[in-house]
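Participant: One letter stands for each residue in the lines below.
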Amino acid sequence: MDLGLNEEQEMLKKSAREFLVKECPKKLVRELDESETGLSKDLWKKMAGLGWMGLPFPEKYGGNGGSLLDLTVLLDEMGYNIVPGPFFSSVVLAGLTLLAAGSEKQKETYLSKICSGDMIMTLALTGVEGTYSPASLDTEAKASGKDYVLNGTKMFVPDANVADYLLVVARTKKSSDPEDGVSIFLVDAKNAGLKVTLLKTLARDKLCEVSFNDVKVPAENLVGKLNGGWPVIKSILRKATVCKSAEMVGGAQASLDMAVSYAKERVQFNRPIGAFQAIQHYCANMVTDVDGSRFITYKAAWTESEGLPADMEVSMAKAWTSDAFKRVAVLAHQIFGAIGFTMDHDMHLYFRRAKAGEIVYGDADYHRENVAVQLGL
Amino acid sequence: MDLGLNEEQEMLKKSAREFLVKECPKKLVRELDESETGLSKDLWKKMAGLGWMGLPFPEKYGGNGGSLLDLTVLLDEMGYNIVPGPFFSSVVLAGLTLLAAGSEKQKETYLSKICSGDMIMTLALTGVEGTYSPASLDTEAKASGKDYVLNGTKMFVPDANVADYLLVVARTKKSSDPEDGVSIFLVDAKNAGLKVTLLKTLARDKLCEVSFNDVKVPAENLVGKLNGGWPVIKSILRKATVCKSAEMVGGAQASLDMAVSYAKERVQFNRPIGAFQAIQHYCANMVTDVDGSRFITYKAAWTESEGLPADMEVSMAKAWTSDAFKRVAVLAHQIFGAIGFTMDHDMHLYFRRAKAGEIVYGDADYHRENVAVQLGL
Amino acid sequence: MDFRLSEAENKFRQEVEKFILDEMPHSYVEKDLYWPGGYGAISEFEVRDPEVEKFRHKMGERGWLTMAWPKEYGGGGRSFVEQAIFFDIVSYYGAPGMDVSTLISGPTILRFGSEEMKQEWIPKIVKGDLKFWLAYSEPNAGSDLAAIQTRAVEDGDYLVVNGQKIWSSGAHVSDCGWMVARTDMDAQPYKGTALFIVDNKTPGITIRPIINIDGFHSFNEVFFDNVRVPKRNVVGEMNMGFYYLMVALDFERLVISMGGFRRRFEDLLKYAGETRRNGRPLSQDARIRAKLAELAIEIEIAYVLYYRTAWMMDNNLFPNIEASEIKLVTTILSRKLADVGLEIMGPFGQLWPGSDHAPLKGRFSLGYLDSLSAVIGAGTSEIQRNILAQRGLGLKRK
Amino acid sequence: MDFRLSEAENKFRQEVEKFILDEMPHSYVEKDLYWPGGYGAISEFEVRDPEVEKFRHKMGERGWLTMAWPKEYGGGGRSFVEQAIFFDIVSYYGAPGMDVSTLISGPTILRFGSEEMKQEWIPKIVKGDLKFWLAYSEPNAGSDLAAIQTRAVEDGDYLVVNGQKIWSSGAHVSDCGWMVARTDMDAQPYKGTALFIVDNKTPGITIRPIINIDGFHSFNEVFFDNVRVPKRNVVGEMNMGFYYLMVALDFERLVISMGGFRRRFEDLLKYAGETRRNGRPLSQDARIRAKLAELAIEIEIAYVLYYRTAWMMDNNLFPNIEASEIKLVTTILSRKLADVGLEIMGPFGQLWPGSDHAPLKGRFSLGYLDSLSAVIGAGTSEIQRNILAQRGLGLKRK
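Protein chains in written order, with my numbering: chain A, 92 to 468; chain B, 92 to 468; chain C, 4 to 401; chain D, 4 to 401.
These aren't lab readings, by the way, just hints derived from the structure by calculation.
Just so you know, these numbers come straight off a predicted model, no measurement behind them.
Note that the Cβ used here is the ideal one computed from N, Cα and C, for glycine as well.
Incorrect hints may have been included.
[As the list claims (entries may be wrong)] Quick list of in silico lysine-lysine cross-link-like pairs, DSSO-like style, CA-CA up to 30 Å:
| id | chain 1 | residue 1 | chain 2 | residue 2 |
| --- | --- | --- | --- | --- |
| 1 | D | LYS399 | C | LYS401 |
| 2 | B | LYS417 | D | LYS339 |
| 3 | B | LYS137 | B | LYS151 |
| 4 | A | LYS265 | A | LYS291 |
| 5 | C | LYS21 | C | LYS401 |
| 6 | B | LYS233 | B | LYS265 |
| 7 | D | LYS34 | B | LYS291 |
| 8 | C | LYS61 | C | LYS14 |
| 9 | A | LYS291 | A | LYS316 |
| 10 | A | LYS355 | D | LYS401 |
| 11 | B | LYS117 | D | LYS339 |
| 12 | B | LYS291 | D | LYS273 |
| 13 | C | LYS339 | A | LYS417 |
| 14 | C | LYS364 | B | LYS417 |
| 15 | D | LYS364 | B | LYS286 |
| 16 | B | LYS355 | B | LYS417 |
| 17 | A | LYS291 | C | LYS34 |
| 18 | C | LYS61 | B | LYS355 |
| 19 | B | LYS417 | C | LYS14 |
[To be verified] Computed list of chain A residues with no C-beta within reach of chain D, every gap over 12 Å:
| id | residue |
| --- | --- |
| 20 | ASP93 |
| 21 | LYS117 |
| 22 | ALA139 |
| 23 | LEU190 |
| 24 | ASP209 |
| 25 | THR288 |
| 26 | GLU311 |
| 27 | ASP348 |
| 28 | THR379 |
| 29 | ASP380 |
| 30 | ARG385 |
| 31 | LYS390 |
| 32 | SER396 |
| 33 | LYS409 |
[As the list claims (entries may be wrong)] Covered by chain C, according to a simulated footprint, are these stretches of chain A (three or more residues, beta-carbon under 8 Å):
| id | region |
| --- | --- |
| 34 | 224-234 |
| 35 | 290-298 |
| 36 | 435-442 |
| 37 | 448-459 |
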């Protein structure tokens with residue numbers, strides 16, 4: 092057993108913390124939250140310069156050859172500081188999909204640009220019902236000569252408003268088994284039949300409605316096997332789930348740290364409020380939640396990273412972390428009191444993200460049911 | 092609106108409190124818990140002398156002509172002090188069933204003896220599955236000449252070990268509608284084919300397994316209509332549920348009172364533990380739970396007592412009170428610490444009953460589902 | 004016991020309902036995003052709407068804004084149960100109604116103010132002519148209200164006020180502040196604090212907006228720079244303000260938007276019945292059923308505590324435990340209703356008001372944020388638990 | 004990172020498992036009703052079973068009772084991760100294992116005791132010859148251990164002890180008490196308390212049983228009436244006992260019956276799969292599935308904290324936050340496992356051990372009571388939260 096980070100991971104963590112404090116202050120986070128794009132090109136370039144976009148990809152595509160576990164270490168820190176922008180979409184959702192299923196040529200052409208930060212990509216998965224079940228996939232792709240023609244609407248596509256390309260998951264065959272007949276297509280965001288509408292959300296993350304109206308896609312843009320896309324998506328969803336959990340762990344840790352330091356400063360009734368037992372016990376519950384979330388998430392990340400069966404671990408991590416981050420963020424707000432309820436304060440930035448993180452890739456109920464299935468129930 | 096007890100109810104409450112403190116000390120409760128019968132004949136007679144057994148029954152049968160609401164006021168106090176014995180079985184379960192469905196002759200013969208305390212009766216309802224669904228009724232009664240012959244096993248029959256008579260709910264007809272074909276029989280506990288086995292339980296209440304082996308019952312002992320027993324049972328279950336809730340409210344109140352007074356006395360770290368904010372907040376949560384339970388239960392009791400549709404109110408009361416009493420009892424134990432974990436202490440008497448009360452007549456999950464049905468879901 | 008409304012109460016209830024349905028300004032209904040229990044999305048605290056003013060005047064004419072006051076002062080002479088019924092209906096429809104002037108200032112003036120003061124202020128309050136804001140909290144005096152630092156120094160017929168208030172809801176759209184300030188920094192607050200009315204137009208007052216996390220401007224910081232307040236605006240004795248303030252806290256007991264909870268829950272119930280996911284209505288999911296049932300039960304708990312409190316007040320019983328209990332129960336409910344709502348709505352729940360696909364106008368999404376204020380405003384949950392333990396159960400502080 | 008056991012660790016795990024399956028005394032298995040996390044139903048604290056003694060000796064021979072001690076003192080020289088693996092297996096099978104002597108007294112003597120003391124006690128502890136009981140708590144010193152009143156007065160080569168201990172698990176079936184008493188009532192406890200071993204056979208000791216709510220006699224009150232304890236039994240310096248005791252609390256960190264949780268959860272899972280109600284297996288009920296999944300996740304949380312702590316100890320990191328976290332997590336789990344179990348079992352859940360129809364030997368019914376002790380024993384949950392806040396997060400006490 093080795094339950095600590097290795098030296099490179101510790102260094103990555105430390106340097107990410109320092110970089111983000113400096114380069115991604117909360118003022119910028121707030122501006123990007125309120126902006127249409129959510130993207131700071133300057134910050135994006137600097138992150139690319141640090142090799143973050145290439146972290147989990149092989150060196151031959153310009154990546155750093157890191158593991159999924161390395162990526163979660165970085166995401167933990169990105170969650171700690173909050174980094175708006177399409178990193179998760181481009182690297183986790185699109186990049187890992189291309190890596191898993193793309194042809195050599197696709198990887199050379201596109202993955203290398205993702206690694207360099209020159210291309211932003213995202214994954215358009217959930218249909219109008221907003222669920223992750225393959226049965227609910229309602230965008231269709233029909234073969235037409237050398238092309239495929241896509242029709243349908245995708246909901247909650249992250250960062251489609253700034254993406255250069257979209258990986259679109261579409262049904263290419265009707266089948267009694269909903270997992271059969273699903274394919275993935277690389278679609279140029281500039282395609283005329285594609286309409287992207289930014290959705291206004293609680294977390295002010297850039298989720299989009301994307302409609303496809305006779306969108307023509309050349310056959311060479313099929314990613315992976317025709318009709319064989321679902322196993323790829325399943326695996327990417329698992330990876331995205333654990334990556335999101337890691338990001339949430341970071342957010343929970345930051346919420347705790349902020350609340351504890353405020354509890355030490357804020358004086359009421361002639362003593363720091365952190366001297367009140369109620370506040371102390373809130374903090375004790377928070378740190379317990381944060382540590383539990385972190386270790387269960389790292390176990391899931393390690394398991395998935397090693398290529399071991401990880402369905403149980405990943406669902407456990409997401410179910411627990413979704414609830415735990417929410418509990419932590421609520422208690423942090425309780426400690427901050429009225430000041431935390433203002434737009435100028437940082438706490439709500441985390442509180443919003445706790446909810447967004449809980450919702451995406453299945454909430455706690457969804458993953459508990461997955462755990463029940465894995466338990467053989 | 093009138094949300095207070097009337098004068099008679101206040102007097103009943105006060106006199107019950109005083110009587111029980113004197114006549115039913117915890118020493119006696121403990122002895123009865125550990126005994127085989129759970130019955131103090133002396134206490135039973137005194138209670139009968141006060142007219143408690145006849146409280147909700149018409150004067151012509153020797154009762155006091157009180158309402159169901161009056162009965163819940165008394166049960167609240169009986170729960171507060173804890174009164175072992177077959178009161179609930181004889182008065183609530185059997186007595187109210189006889190009152191609702193018995194013939195005039197049955198009422199004159201049996202109900203009057205229940206009122207005087209000279210006869211103890213109970214209701215044998217749940218079958219081997221232990222549920223309250225009519226589909227699970229597995230005791231059968233077959234007509235045979237002028238008699239009925241009963242076969243089957245009843246589980247969790249309260250106080251059958253001291254009952255003179257049992258009201259047995261049996262299936263007299265198979266039907267696609269499980270609510271159809273259910274009948275109620277008055278069975279002499281001395282009947283040779285009847286075997287009563289006391290079950291050992293967490294709450295040390297006297298629940299029994301009762302098996303019927305060709306038990307002959309004369310036709311005149313049919314209570315209510317042949318095959319028409321289920322609506323009666325449904326109404327009795329609703330009444331029993333609200334009566335049990337009232338008893339639990341009393342238990343929760345007692346747990347709170349005991350814990351608060353201990354918190355004022357017990358000194359650690361040079362101050363009463365009740366001065367610690369953690370303990371104060373526990374107590375605050377407890378009193379909120381107790382008051383919420385009391386008012387929602389009284390609303391249900393009043394609604395049922397008035398003969399208004401009360402399914403929603405009763406299920407709300409039982410669902411809430413089951414959880415609330417449990418929360419209160421757990422916090423009380425936390426305040427008592429190690430001393431509350433000893434057999435000589437009183438607190439566990441309540442803690443055990445919180446669980447027994449939660450289980451009987453449907454737990455919180457069961458009643459929440461009922462509420463969902465009532466909400467039209 | 005009788006949990007039914009009396010015939011008169013029922014008639015009154017119908018009267019209020021009809022009035023609101025007939026008269027409620029459409030402009031108000033349109034923009035209403037109020038979340039029950041919360042303090043951040045109350046549109047009356049944002050802008051002053053002439054239509055709403057008119058509506059309040061009509062309520063005032065009926066004596067409804069001050070219905071539990073004695074008739075001699077223009078009150079409605081109605082019971083607290085009737086007031087509770089009124090609030091229930093008003094908040095069910097999200098209508099504007101009582102405010103600081105009618106709920107806090109008026110009753111305090113009636114109890115502690117001079118006859119002169121009553122003559123000057125009460126009639127206007129009764130009619131709904133005035134909007135007051137609450138000038139209690141300061142940057143270093145939140146839960147610890149006794150720590151206020153704003154000073155009021157006597158100067159002839161005036162008090163000269165210097166200092167700062169914060170979290171002042173609707174100060175920028177109100178007429179007057181209902182204010183406490185220290186008259187003697189060395190005395191205990193109970194003996195060195197004045198409670199008075201300050202006109203917003205007095206020179207030296209600067210109001211700065213605070214935008215809350217809902218994105219609303221309802222809170223303000225208010226700065227006082229040598230603000231001269233006539234002494235006749237002081238309530239009762241000069242230095243007894245803190246005492247009056249503490250007593251006045253009891254007047255706020257029944258200010259709970261029970262109807263708001265009921266309404267939003269009905270919305271959610273309807274949504275769960277009508278929305279299909281994975282091939283069946285959400286309302287068929289056992290876990291969702293259980294969650295909705297839990298909410299229904301908790302709303303009922305709040306209602307029984309609510310009417311019980313009103314009934315106690317009508318019967319001269321002192322419901323101080325119940326008041327804190329309701330606050331705890333309803334603020335927890337405020338959060339839970341939003342949280343469960345969002346869980347049920349899945350990814351659609353996060354859509355913000357104004358989004359095309361947002362279920363139920365995005366109210367739950369906003370409410371999810373707004374409910375953070377419920378457990379903080381008007382005495383945090385921790386303060387409520389302290390009160391319950393200390394005032395209610397007699398536990399010592401040390 | 005690597006969450007897998009190494010080959011050696013795996014081998015050791017198998018070795019322990021085989022040993023237990025082969026050697027565990029049948030008499031012990033029969034009567035075992037231990038509930039994970041609880042303190043009230045540990046049969047070793049009730050009676051002294053010669054079969055169990057033999058079994059412990061065999062463990063002692065393998066060095067397993069003191070496996071993380073240095074080899075020079077007869078320890079196993081194994082890692083804390085290995086000790087954690089050992090505990091996991093031992094508690095999974097409900098086998099007897101380490102006790103106060105091996106977990107608390109031994110390590111304290113090794114760290115603070117004189118060479119003479121080590122020579123006298125360590126070899127016997129290693130072999131499993133001795134059973135110690137913990138003489139810490141007193142009637143007025145529970146959470147507030149510094150308030151102990153039992154006195155130890157020096158008299159030549161002896162300490163003369165007078166006073167009373169309470170909650171002393173298994174005192175009546177042990178050989179020696181591991182005891183603290185005040186040597187100087189006027190000094191701070193850190194400077195006026197001795198830590199020493201007292202032989203149960205010393206005249207003046209009276210042991211009275213306390214029956215706990217499970218119906219077990221495991222607790223005792225122990226009275227000391229001029230009990231003469233040789234000074235050579237005092238650990239380290241005469242007045243430093245309280246300090247040693249606080250340090251020793253850290254030695255208990257890994258005493259968690261993780262395997263017990265795992266085992267009881269597996270039982271429950273099986274029960275839910277095999278038991279039908281209303282025409283279908285309980286495991287098909289969506290709410291029951293959710294509850295079982297929750298338990299599985301919380302057990303996993305406890306496991307990651309457990310191994311993380313062991314790993315930290317092996318790497319000379321100081322896991323004091325984690326220790327309190329595990330205590331909180333597992334004691335909450337102790338209650339929840341019993342509560343959910345009983346909910347799932349419906350009315351059958353309440354049947355007590357010995358009842359014919361009791362599911363899973365009635366363990367959950369008993370466990371439901373016993374879990375009340377989990378959140379109290381060895382530092383209440385409140386004390387754990389204080390520690391986390393103050394020691395772990397640096398919040399001030401005043």
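Participant: Each hint: holds or not?
Facilitator: Outcome of the hint check:
Our distance criterion of 30 Å between C-alpha atoms is met by LYS399 of chain D and LYS401 of chain C, whose separation comes to about 17 Å. The suggested pairing of LYS417 of chain B with LYS339 of chain D holds, with an alpha-carbon distance near 12 Å, which does not exceed 30 Å. The suggested pairing of LYS137 of chain B with LYS151 of chain B holds, with an alpha-carbon distance near 21 Å, which does not exceed 30 Å. Annotation: proposed proximity of LYS265 of chain A to LYS291 of chain A is violated, straight-line Cα distance about 33 Å (limit 30 Å).
Between LYS21 of chain C and LYS401 of chain C the CA atoms are separated by roughly 53 Å; this puts the pair beyond 30 Å, and the hint is violated. The suggested pairing of LYS233 of chain B with LYS265 of chain B holds, with an alpha-carbon distance near 11 Å, which does not exceed 30 Å. Straight-line distance between C-alpha atoms of LYS34 of chain D and LYS291 of chain B comes to about 17 Å, which keeps the hinted pair within the 30 Å bound. At roughly 19 Å between alpha-carbon atoms, LYS61 of chain C and LYS14 of chain C fall within 30 Å of each other, so this suggested pair holds.
Between the alpha carbons of LYS291 of chain A and LYS316 of chain A the distance comes to roughly 35 Å, so the proposed pair goes past 30 Å and is violated. Restraint check for LYS355 of chain A and LYS401 of chain D: the C-alpha separation of about 11 Å stays at or below 30 Å, so the hint holds. At most 30 Å may separate the alpha-carbon atoms for a hinted pair to count; LYS117 of chain B and LYS339 of chain D meet this at roughly 29 Å. In summary, the hint linking LYS291 of chain B to LYS273 of chain D is supported, as the alpha carbons are separated by about 24 Å, within the 30 Å threshold.
Simply put, LYS339 of chain C and LYS417 of chain A have alpha-carbon atoms about 12 Å apart, close enough for the 30 Å limit, and the pair holds. Simply put, LYS364 of chain C and LYS417 of chain B have alpha-carbon atoms about 38 Å apart, too far for the 30 Å limit, and the pair is violated. Distance check on the hinted pair: LYS364 of chain D and LYS286 of chain B sit about 24 Å apart at the alpha-carbon level, within 30 Å; holds. The straight-line distance between the Cα atoms of LYS355 of chain B and LYS417 of chain B is roughly 22 Å, inside the 30 Å bound, and the hint therefore holds.
A hinted pair counts as satisfied when its Cα atoms are at most 30 Å apart, and LYS291 of chain A with LYS34 of chain C qualifies at roughly 17 Å. For a cut-off of 30 Å, the pair hint linking LYS61 of chain C to LYS355 of chain B is broken: about 53 Å separates their Cα positions. A hinted pair counts as satisfied when its Cα atoms are at most 30 Å apart, and LYS417 of chain B with LYS14 of chain C does not qualify at roughly 41 Å. Non-interface status of ASP93 of chain A relative to chain D is broken: a Cβ of that chain comes within 12 Å, the nearest being about 4 Å off.
Residue placement check: LYS117 of chain A keeps its beta carbon more than 12 Å from all beta carbons of chain D (closest about 22 Å). Annotated as non-interface, ALA139 of chain A keeps its C-beta farther than 12 Å from every C-beta of chain D; the closest such distance is 27 Å. Distance to chain D confirms LEU190 of chain A as a non-interface residue, since its nearest Cβ pair spans about 21 Å, more than 12 Å. Even its closest Cβ contact with chain D, about 32 Å, leaves ASP209 of chain A beyond 12 Å, as expected for a residue assigned away from the interface.
The Cβ of THR288 of chain A lies farther than 12 Å from every Cβ of chain D, with a closest approach of about 35 Å, so its non-interface assignment holds. Once the 12 Å rule is applied to beta carbons, GLU311 of chain A is consistent with being away from chain D; the minimum gap is 39 Å. Residue-level check failed: ASP348 of chain A sits 9 Å from the nearest beta carbon of chain D, not beyond 12 Å. Taking the minimum C-beta to C-beta distance to chain D, about 5 Å, the non-interface status of THR379 of chain A is violated against the 12 Å cut.
A beta-carbon of chain D comes within 12 Å of the beta-carbon of ASP380 of chain A; the shortest separation is about 9 Å. The non-interface label for ARG385 of chain A is inconsistent with chain D: the shortest C-beta to C-beta separation is roughly 9 Å, within 12 Å. Here LYS390 of chain A does not stay apart from chain D, with its beta-carbon only about 5 Å from theirs, under the 12 Å limit. At roughly 8 Å, the least C-beta separation between SER396 of chain A and chain D is not larger than 12 Å, which violates its mark as non-interface.
At roughly 10 Å, the least C-beta separation between LYS409 of chain A and chain D is not larger than 12 Å, which violates its mark as non-interface. Given a C-beta distance limit of less than 8 Å, the hint that chain C covers the region 224-234 of chain A holds, as 3 residues qualify and 3 suffice. Coverage of a stretch by a chain is defined here by at least three residues with a beta carbon nearer than 8 Å to that chain's beta carbons; for the region 290-298 of chain A and chain C the count is 6, and the condition holds. Coverage of the region 435-442 of chain A by chain C holds in this model, with 4 residues showing a Cβ closer than 8 Å to a Cβ of that chain against a need of three.
With a cut-off of 8 Å between beta carbons, the region 448-459 of chain A has 4 residues touching chain C; three or more are needed, and the interface restraint holds.
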